[in-house]
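Just so you know, the sequences run in chain order A and B.
Taking this note's numbering, the leading residue of the first sequence gets 1, the next gets one more, and so forth.
Taking this note's numbering, the leading residue of the second sequence gets 1, the next gets one more, and so forth.
Each hint should be verified, as a subset may be incorrect.
[To be verified] Dumping the calculated BS3-like pairs for lysine-lysine here, alpha-carbon to alpha-carbon at most 27 Å:
1) B:51 - B:19
2) B:97 - A:186
3) A:82 - B:32
4) A:77 - A:226
5) B:19 - A:65
6) A:192 - A:254
7) B:51 - A:189
[Claimed, not checked] Now the in silico label distances, taken between C-beta atoms and shown as ranges:
8) B:11 - A:227: 54 to 62 Å
9) A:15 - B:2: 38 to 46 Å
10) B:53 - A:190: 14 to 22 Å
11) A:130 - B:105: 45 to 53 Å
[Unchecked claim] To give an idea of the chain B side of the interface with chain A (calculated C-beta under 10 Å), a few residues:
12) 37
13) 78
14) 83
FYI, nobody ran anything at the bench for these hints, they're computed from the structure.
All C-beta atoms in this analysis are idealised placements derived from N, C-alpha and C, irrespective of residue type, glycine included.
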Amino acid sequence: MVEPIIKIRDLHTQYGDKKVLKGINLDIYPYETFVILGRSGCGKSTLLRHLIGLQKPTQGYIYIKDNNFVTASEKEKNDILKNIGMLFQSSALFNSMTVGDNVALPLREHTPQPDSTIKIMTRMKLGLVGLSGFENFMPAELSGGMKKRAALARALAMDPEILFCDEPSAGLDPIVAVGIDNLILKLKKAFKMTIVVVTHELESVFVIADRIALLHEGEFIFVGTKDEMRRSEVPVVRQFLQRAPDEDDMDKDKFLNSLIGG
Amino acid sequence: MNLEITTEEIDQKVFVNIKGEVDLYSSPEVRKKIFDLVKKKAPVILINLEKVKYMDSSGVATLIEGLQQCNKYNGRFALYGLQDNVREVFELTRLDKIFEIYSDRESALKN
Ligand SMILES: Nc1ncnc2c1ncn2[C@@H]1O[C@H](COP(=O)(O)OP(=O)(O)O)[C@@H](O)[C@H]1O
Ligand SMILES: [Mg+2]
Chain A
1 MVEPIIKIRD LHTQYGDKKV LKGINLDIYP YETFVILGRS GCGKSTLLRH LIGLQKPTQG
61 YIYIKDNNFV TASEKEKNDI LKNIGMLFQS SALFNSMTVG DNVALPLREH TPQPDSTIKI
121 MTRMKLGLVG LSGFENFMPA ELSGGMKKRA ALARALAMDP EILFCDEPSA GLDPIVAVGI
181 DNLILKLKKA FKMTIVVVTH ELESVFVIAD RIALLHEGEF IFVGTKDEMR RSEVPVVRQF
241 LQRAPDEDDM DKDKFLNSLI GG
Chain B
1 MNLEITTEEI DQKVFVNIKG EVDLYSSPEV RKKIFDLVKK KAPVILINLE KVKYMDSSGV
61 ATLIEGLQQC NKYNGRFALY GLQDNVREVF ELTRLDKIFE IYSDRESALK N
């Protein structure tokens, strides 16, 4: 039996009175590409923040390679994080640094590698995401899709065992989005890596996923393969599958806040 | 440390035997060994990867540096005995085109 690389147990999160995650459980296995699907505002980014230790859940546990991430000390957390790459929805590149320096930064900060080796590694990673020759560009000089690729190169800088991606294709035009999905597919083949993607976009799911979980009202109402999902008779799954892209996709809280908030 | 490196010199040819995992934290040791040899302008450096179970991109980058240094004085730098997953890394990054790669010690010596 293969042990899961990530175990989520009875995880609860609430903001004030609002319960976002209501006791979720999940096992993710080594080398699978796992997609967590759900509408905007259902708690996907919140869950990812728990998974990388940026935010403590209200209750419950996360084990990454048998280390309990929720109770880990800062030092233990940092050791776990060295094996984790994260592609943030916003790309989160440092705008004052070149693309190359952005990719090199984690290596300079966390490894004993000399500059000459880091330079080669940086170029290898940029080549992998199709950005050869862009190392001296500033992020502001890149298109949205290229920024995503650069951020992906940075997430891969340390050869992580686990890669988390938050809405990798959100906000990109459809052709560029397909390019990012294909890139994730290529990475999946190239590296022995566990990839966890959260998204509200159904189209990419069927391209990249080995298994899928549908997060709905704080719970996983479906976990299974693509085929199992297509055959599922769970009403919410059917609804999700039949929904036109992005139809009705809004975070109600955010929308309301945008109207009444300060 | 989960890495061991030994060298043996036979007829002007240096074998670098690497055993274990070459990763971000251990590859500087490989680098040091290889750079010691290129500083002495060793004419033939043969890297034995038979016992390398895992190599990340820092390991690959380190070997690229070794090759580059060795090319500067027209030395020969070759790899042999790559396990399947290590070979895959080279193929996917198309570095199998840059390196001389052999299946075993014998064929590395022949050429
Ligand atoms: N820091 C926060 N404080 C209060 N509410 C939040 C906070 N972060 C997110 N939320 C709310 O929690 C819900 C889940 O948010 P999020 O995890 O960002 O969802 P998703 O990534 O699926 O769009 C949303 O309703 C959002 O408005
Ligand atoms: Mg989100």
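Hint-by-hint comparison with the structure:
1. Distance check on the hinted pair: residue 51 of chain B and residue 19 of chain B sit about 5 Å apart at the alpha-carbon level, within 27 Å; holds.
2. For the hint linking residue 97 of chain B to residue 186 of chain A, the alpha-carbon distance of about 20 Å falls within 27 Å, and the restraint holds.
3. Proposed proximity of residue 82 of chain A and residue 32 of chain B is supported: the alpha carbons are some 24 Å apart, at most 27 Å.
4. In summary, the hint linking residue 77 of chain A to residue 226 of chain A is not supported, as the alpha carbons are separated by about 33 Å, beyond the 27 Å threshold.
5. For the given pair, residue 19 of chain B sits about 25 Å from residue 65 of chain A by alpha-carbon distance, which is consistent with the 27 Å threshold.
6. Only pairs whose Cα atoms come within 27 Å are accepted, and residue 192 of chain A paired with residue 254 of chain A is rejected, the gap being roughly 38 Å.
7. Pair hint residue 51 of chain B plus residue 189 of chain A holds up; C-alpha atoms about 23 Å apart against a cutoff of 27 Å.
8. As the Cβ distance of residue 11 of chain B to residue 227 of chain A is approximately 60 Å, the hint placing it in 54 to 62 Å holds.
9. About 43 Å separates the C-beta atoms of residue 15 of chain A and residue 2 of chain B, a value consistent with the hinted range of 38 to 46 Å.
10. As the Cβ distance of residue 53 of chain B to residue 190 of chain A is approximately 18 Å, the hint placing it in 14 to 22 Å holds.
11. Against the hinted window of 45 to 53 Å, the Cβ-Cβ separation of residue 130 of chain A and residue 105 of chain B comes to about 38 Å, which falls outside the hint.
12. Taking 10 Å as the C-beta cut-off, the interface hint given for residue 37 of chain B is violated, the closest approach to chain A being about 17 Å.
13. A cut of 10 Å between beta carbons decides the hint on residue 78 of chain B: the least distance to chain A is about 19 Å, and the hint is violated.
14. Look at residue 83 of chain B: its Cβ only gets to about 13 Å from chain A, farther than 10 Å, so that hint breaks.
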